[in-house]
Structures are given as structure tokens and as C-alpha cells.
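Asks: Here are the chains, one letter per residue:
Number of protein chains: 4
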Amino acid sequence: MAKILVLYDTHSGNTRTMAEAVADGAGAIPDTDVTLKSVDDADPRDLFEHDGLAVGSPTWCGQMTWKLKKFFDESTCVWGKVEDKVGCAFSTAGGQGGGSEMTCLSILSVMLNYGMLVFAVTEYSSPGMTAHYGAVAVGEPDDRELAACRMLGRKLVQHVQRVKGS
Amino acid sequence: MAKILVLYDTHSGNTRTMAEAVADGAGAIPDTDVTLKSVDDADPRDLFEHDGLAVGSPTWCGQMTWKLKKFFDESTCVWGKVEDKVGCAFSTAGGQGGGSEMTCLSILSVMLNYGMLVFAVTEYSSPGMTAHYGAVAVGEPDDRELAACRMLGRKLVQHVQRVKGS
Amino acid sequence: MAKILVLYDTHSGNTRTMAEAVADGAGAIPDTDVTLKSVDDADPRDLFEHDGLAVGSPTWCGQMTWKLKKFFDESTCVWGKVEDKVGCAFSTAGGQGGGSEMTCLSILSVMLNYGMLVFAVTEYSSPGMTAHYGAVAVGEPDDRELAACRMLGRKLVQHVQRVKGS
Amino acid sequence: MAKILVLYDTHSGNTRTMAEAVADGAGAIPDTDVTLKSVDDADPRDLFEHDGLAVGSPTWCGQMTWKLKKFFDESTCVWGKVEDKVGCAFSTAGGQGGGSEMTCLSILSVMLNYGMLVFAVTEYSSPGMTAHYGAVAVGEPDDRELAACRMLGRKLVQHVQRVKGS
Numbered sequence: 001m002a003k004i005l006v007l008y009d010t011h012s013g014n015t016r017t018m019a020e021a022v023a024d025g026a027g028a029i030p031d032t033d034v035t036l037k038s039v040d041d042a043d044p045r046d047l048f049e050h051d052g053l054a055v056g057s058p059t060w061c062g063q064m065t066w067k068l069k070k071f072f073d074e075s076t077c078v079w080g081k082v083e084d085k086v087g088c089a090f091s092t093a094g095g096q097g098g099g100s101e102m103t104c105l106s107i108l109s110v111m112l113n114y115g116m117l118v119f120a121v122t123e124y125s126s127p128g129m130t131a132h133y134g135a136v137a138v139g140e141p142d143d144r145e146l147a148a149c150r151m152l153g154r155k156l157v158q159h160v161q162r163v164k165g166s
Numbered sequence: 001m002a003k004i005l006v007l008y009d010t011h012s013g014n015t016r017t018m019a020e021a022v023a024d025g026a027g028a029i030p031d032t033d034v035t036l037k038s039v040d041d042a043d044p045r046d047l048f049e050h051d052g053l054a055v056g057s058p059t060w061c062g063q064m065t066w067k068l069k070k071f072f073d074e075s076t077c078v079w080g081k082v083e084d085k086v087g088c089a090f091s092t093a094g095g096q097g098g099g100s101e102m103t104c105l106s107i108l109s110v111m112l113n114y115g116m117l118v119f120a121v122t123e124y125s126s127p128g129m130t131a132h133y134g135a136v137a138v139g140e141p142d143d144r145e146l147a148a149c150r151m152l153g154r155k156l157v158q159h160v161q162r163v164k165g166s
Numbered sequence: 001m002a003k004i005l006v007l008y009d010t011h012s013g014n015t016r017t018m019a020e021a022v023a024d025g026a027g028a029i030p031d032t033d034v035t036l037k038s039v040d041d042a043d044p045r046d047l048f049e050h051d052g053l054a055v056g057s058p059t060w061c062g063q064m065t066w067k068l069k070k071f072f073d074e075s076t077c078v079w080g081k082v083e084d085k086v087g088c089a090f091s092t093a094g095g096q097g098g099g100s101e102m103t104c105l106s107i108l109s110v111m112l113n114y115g116m117l118v119f120a121v122t123e124y125s126s127p128g129m130t131a132h133y134g135a136v137a138v139g140e141p142d143d144r145e146l147a148a149c150r151m152l153g154r155k156l157v158q159h160v161q162r163v164k165g166s
Numbered sequence: 001m002a003k004i005l006v007l008y009d010t011h012s013g014n015t016r017t018m019a020e021a022v023a024d025g026a027g028a029i030p031d032t033d034v035t036l037k038s039v040d041d042a043d044p045r046d047l048f049e050h051d052g053l054a055v056g057s058p059t060w061c062g063q064m065t066w067k068l069k070k071f072f073d074e075s076t077c078v079w080g081k082v083e084d085k086v087g088c089a090f091s092t093a094g095g096q097g098g099g100s101e102m103t104c105l106s107i108l109s110v111m112l113n114y115g116m117l118v119f120a121v122t123e124y125s126s127p128g129m130t131a132h133y134g135a136v137a138v139g140e141p142d143d144r145e146l147a148a149c150r151m152l153g154r155k156l157v158q159h160v161q162r163v164k165g166s
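Quick mapping for you: the protein sequence lines, in order, are chains A, B, C and D. Just so you know, the first sequence maps onto residues 1 to 166 in our numbering. Just so you know, the second sequence maps onto residues 1 to 166 in our numbering. Just so you know, the third sequence maps onto residues 1 to 166 in our numbering. Just so you know, the fourth sequence maps onto residues 1 to 166 in our numbering.
Derived by calculation from the structure, the hints in this document are not laboratory data. Bear in mind that the values here come from a model prediction, so they are computed numbers and not experimental data. Please note that a few of the clues may not be correct.
Repeated chains share a single entry, so a pair holds when one copy, or any two copies, can fit it.
What the hints assert, rightly or not - Cross-link-like lysine-lysine pairs, in silico, DSS-like; alpha carbons within 30 Å at most:
#1 Lys3 / Lys81
#2 Lys164 / Lys81
#3 Lys37 / Lys81
#4 Lys37 / Lys67
#5 Lys3 / Lys37
#6 Lys3 / Lys164
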């Protein structure tokens with residue numbers, strides 16, 4: 001059983017829409033348990049009690065929102081205890097070139113600090129759409145962007161299975 | 001007179017197309033001298049002899065191409081002597097989420113090392129299209145992406161005028 | 001008159017010590033007005049009403065603290081209105097290799113989003129000590145690290161003078 | 001058997017010294033095969049034929065050297081085929097604050113593009129010395145910096161064992 005947490009902050013609802021697609025992609029793989037959770041409801045133990053973690057944020061100044069940063073700043077009780085966890089990122093921005101890749105990097109970078117194994121996606125979900133630092137979207141996610149989210153979710157489960165030896 | 005250098009590497013020609021648009025945007029401002037140059041023809045003195053520098057690269061693994069890196073690695077004769085220069089970046093990638101923002105950041109980061117003042121763009125050139133780390137494009141640049149390139153070029157001249165006191 | 005704001009968050013007091021040194025370096029240049037302010041007391045207008053901005057943060061997971069991120073997330077009333085301002089960064093970490101450079105980059109990256117001109121330092125303040133992304137320290141800042149902070153402050157004023165034409 | 005490749009570029013010899021320490025740390029774990037290789041001798045298949053990859057570079061403008069970038073730019077025959085590989089980074093710079101963390105990030109970022117799982121280190125190898133983005137050194141590596149390199153090598157093998165299920 002791969003236990004996956006999709007953790008997100010959302011402002012307009014767009015990042016939540018992406019989070020649902022990531023969760024769908026992960027959940028489509030058999031023997032996977034997926035939890036979708038807003039940062040408002042998150043607890044540090046969530047980081048410890050799941051095998052895989054996808055974190056999504058609106059792009060605010062090219063980095064995760066302060067709420068997500070606060071969650072990680074204050075979850076240090078599990079810092080260094082999550083080396084067998086796998087992490088990935090997603091973000092939605094107001095525009096192409098608006099910082100969604102950078103926001104994904106800010107999330108991966110915090111996960112590296114915690115000791116997690118992180119990854120991104122080499123494949124293209126459709127021509128001209130990929131997720132080399134995590135899944136990204138401009139404004140309300142369209143079908144191609146949601147396909148990239150589902151791809152990210154599937155890939156997360158595959159990596160978790162690899163690490164768990166299942 | 002603002003002396004602007006638009007320096008680029010290109011593989012498919014797409015980054016060159018962006019470079020031309022950046023040069024057009026800069027050149028549209030009166031009293032501006034714009035040079036467009038491939039990295040194959042560049043000389044370290046180019047960094048010293050211009051007031052503003054826009055550097056463009058294809059997105060290869062989310063960073064400038066090795067040819068551009070080689071140019072900067074080997075131009076250290078002007079390192080620390082370009083503090084009154086202004087720099088910005090642009091990049092084209094194979095896909096949205098493919099690393100064009102990251103490549104812009106890699107260019108800005110090298111410019112910071114050299115001591116330059118760097119900037120990016122807050123404005124949107126059209127709905128859903130901006131250049132918060134530099135101008136970006138997916139594949140062959142479309143009209144909206146070229147508009148962002150011209151905006152970047154104009155902004156570069158404006159910043160140079162500010163720094164030169166003209 | 002160059003108006004400089006040194007804005008910081010601090011946990012143990014180390015980042016405040018760095019902030020004081022940055023302020024000292026800036027203030028040592030004639031005709032400079034320096035304000036030192038904790039993020040707890042900051043107002044978005046502070047970004048608008050100064051010519052130069054040095055922002056310092058403890059290194060928490062390689063990025064500015066959530067309090068500083070909250071300040072920038074909520075200061076968008078001046079977003080895009082600070083293109084004639086110059087910015088730089090400093091950070092203290094628990095260890096060498098602990099993320100202080102990354103934290104400086106996170107600060108510069110937010111400033112780029114706001115439209116500011118940003119810079120870092122090419123010079124070495126002493127052998128083995130520089131500030132290529134901003135001034136950094138490990139734990140309680142020592143003399144060499146404080147010298148780098150003062151260098152950063154001086155350089156900030158010099159860049160502001162350049163941009164203001166004074 | 002964990003097959004580890006420690007791949008490096010070196011200018012003064014300092015990065016090679018770090019590479020040897022990373023290799024020592026990895027090799028100290030039983031049932032591990034470690035290869036130490038200069039980028040001058042590297043082949044794209046090296047990325048494919050090892051389970052774990054530590055890449056080290058001198059810090060040149062806060063990013064891997066152009067030689068290493070050239071190697072990755074030209075190894076795309078294995079791009080997307082190394083998802084079961086684990087990667088990490090190390091770098092030596094001329095000064096504290098000189099870009100060694102940034103260089104590690106540039107290496108991890110390329111590995112993410114290739115599809116690898118990447119990690120860094122939460123632990124401190126000694127007071128004031130860690131490797132949150134990879135192992136770093138200032139100039140000729142001292143004992144504390146070499147201890148961090150060995151820690152990185154050990155951790156690489158442990159992660160490979162996790163992923164390989166051994």
C-alpha cells in the first residue's frame with residue numbers, strides 16, 4: 001500500500017483543482033491510498049505518516065505561499081525523519097513566465113532540507129506540456145495541464161513503490 | 001546613448017527569433033544602439049563595452065547551454081568591472097513547465113556573480129503572459145511571447161537610462 | 001540623499017547583528033539615511049519610500065522565514081511601483097552548506113518579482129569570505145562575516161547613487 | 001551490490017579531493033562498488049550503468065562548469081531512462097558565500113531533468129558544517145568539510161539500497 005498525501009494551499013481554487021488531478025493520477029494506481037488536504041488542516045505528522053508527498057501552491061512571488069512556508073517552518077519535529085519519503089511539487093501562476101517553475105523549485109528545495117528524495121518529470125503529457133520541476137498551470141488549469149498533474153501523481157506512486165520495494 | 005547587447009545561443013533558431021524581438025523592443029526607444037550577437041562571435045569585452053545586456057539561451061536541462069556557460073566561465077577578465085551594467089534574460093523551452101524560467105534564473109545568477117544589476121518584468125504583455133524572471137517561450141515563439149520579448153527590451157533600455165542618468 | 005532600509009527577521013538575534021552591520025556599512029557613506037526595521041514593524045510603504053533595500057532572514061529551509069514571505073505576499077500594493085529601487089540580501093544559517101546562499105536567492109527572487117534592480121557582491125571582504133548572492137554567516141557572525149555585511153551595505157548605497165544619478 | 005559513480009570536474013584539485021572523500025564514504029559500506037571518474041573520461045552510459053551518482057564541480061559563477069554542463073547537454077541518449085537512479089552533489093568555492101550551494105543546486109536541477117531521484121543531507125557532520133544541498137568546501141577542503149563529503153557518500157549508498165530494495 002502506497003500512502004500518498006496531496007497537500008495544497010489555494011487562493012482562487014485553481015491550485016485545489018490541480019491537487020485533485022494529482023490525487024486522481026495517484027489513486028488510479030491499484031493499492032494506493034490518497035489523502036487530499038489543505039495546508040489549513042495539515043499537521044507535521046502528515047509528513048511522517050505518508051510515503052509520498054505532493055505539495056502544491058499558488059505562485060506568489062515565485063515561491064510557496066507564506067502559509068505553506070509557515071507549515072514547513074513549524075514542522076521541524078519530523079525534520080530528518082522522512083528520508084524514506086518521496087516528494088514532488090505543483091503550482092499555478094497568473095501567467096506563463098510568472099514563476100510556477102520557481103515555486104515548484106522552492107517546494108522541492110524545502111523537501112531536500114527535510115531529507116526527502118525528490119523528483120520531477122521528464123515526459124511530456126502532450127506536445128508543449130511537461131513538468132520538469134513539477135506540474136504547472138496558467139490560471140484555471142486546462143485539460144493539458146490537468147493531464148500533467150495526473151502524470152505527476154502516477155509517477156509519485158511509481159517512485160514510492162520503488163523506494164518501498166513493493 | 002544606451003548601448004545594448006543582445007547575446008544569444010540558438011539551436012533551432014527559436015532563441016534567435018526571441019533575440020530579434022528583444023532587440024526590436026530596445027531599438028524602438030530613441031537614442032539606443034543595439035547589437036545582436038551569437039555567442040559564437042562574442043568576446044569578453046562585449047560585456048564591458050555595453051550598458052545593458054540581454055542574454056538568451058535555449059532551455060537545456062533548465063540552465064543556459066554549455067556554450068554560454070563557457071563564454072561566462074572564460075570572460076573573467078571583466079568580472080567585477082561591470083557594476084554599472086544592467087542585465088536581463090530570455091529563454092525558449094520545448095514545453096510549458098520545461099525549465100525556461102529556471103534558465104532565465106541561471107543567466108541572472110551568473111550576471112549577479114559578475115556584479116551586474118539585474119532585473120525582470122512585473123507587467124503582463126497580454127493576459128496570461130509575463131516575464132517575471134525574463135521572457136520565455138514554448139517552441140517557436142508566438143505573437144504573445146514576442147510581445148513579452150519586446151517589453152523586456154524596452155525595459156532594459158529604461159533601466160539603463162536610469163543607471164546612466166540620461 | 002540615499003534612503004536605505006535594512007529590513008530583517010531574526011530568531012536568535014544573529015540576523016539582527018548582521019542587519020546592524022549592513023546598516024553601519026551603508027551609513028558610513030556621507031549623505032545617506034539608514035533605517036533599521038524588524039519585519040514585525042514593517043509596512044508595504046517602506047518598500048516604496050526608500051531608494052535601497054537590504055533584506056535579511058534567518059535560513060529556514062533555505063528560504064526566507066514565513067514572516068518575511070507573508071510581508072511580501074501582502075505588500076502587493078507597491079508591486080510594480082518600485083522599479084527605481086535597488087535590492088540586496090543577507091542571511092545567517094546554522095551551518096556552512098546550510099542554505100544561506102539559497103535564502104539570499106529567495107530574497108533576490110522576490111525583489112525581481114516586485115520589479116526591483118538587484119545585485120550581489122563580487123569582491124571578497126577577506127580571504128575565503130565573499131557575498132556573491134548576499135552576505136552570509138554561520139551562527140553568530142564573526143568579524144569576517146560582519147565585514148562582508150558592511151561591504152554589502154556600502155555597495156548598496158553606491159548602486160543607489162548610480163540609479164539616482166547623485 | 002550498490003554501483004556508485006563519483007563524477008567530477010576539477011580545476012585546482014580541490015574538487016577531486018572532495019570526490020575522493022565522497023567515494024571513501026560510499027565505499028566504507030559493504031557490498032558497494034565505487035567508481036571515481038573525471039568528466040574528461042565520462043560517457044553517457046555511465047549515468048545509466050550506475051545506481052547512484054554523486055557529481056562534483058568547482059563553483060564557477062554559482063553553477064557547474066561548462067565541461068560538466070556539456071557532458072549533460074550531450075548525454076540525452078539516457079535522458080528519461082534513469083528514473084531508478086539516485087543523485088547528489090558537491091562543490092568547492094573560493095569563498096564562503098561564493099556559490100557552492102548554488103552550484104550543488106544546479107547539479108541537482110539537471111538530475112531532476114534527467115528523471116533521477118535526488119537528495120541532500122539534513123545532518124550536521126560537525127558543529128557548523130552541513131550539506132543541505134550537497135557537500136561544500138571553501139578552498140582546499142579541511143577535515144570538517146571532508147567529513148561532510150564522506151557523510152554524503154554514505155547517505156548516497158543508503159538511499160540506493162532503499163531504492164534497489166537491498
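Asks: If any of the earlier hints don't hold here, list their numbers in rising order.
Replies: No numbers; nothing is violated.
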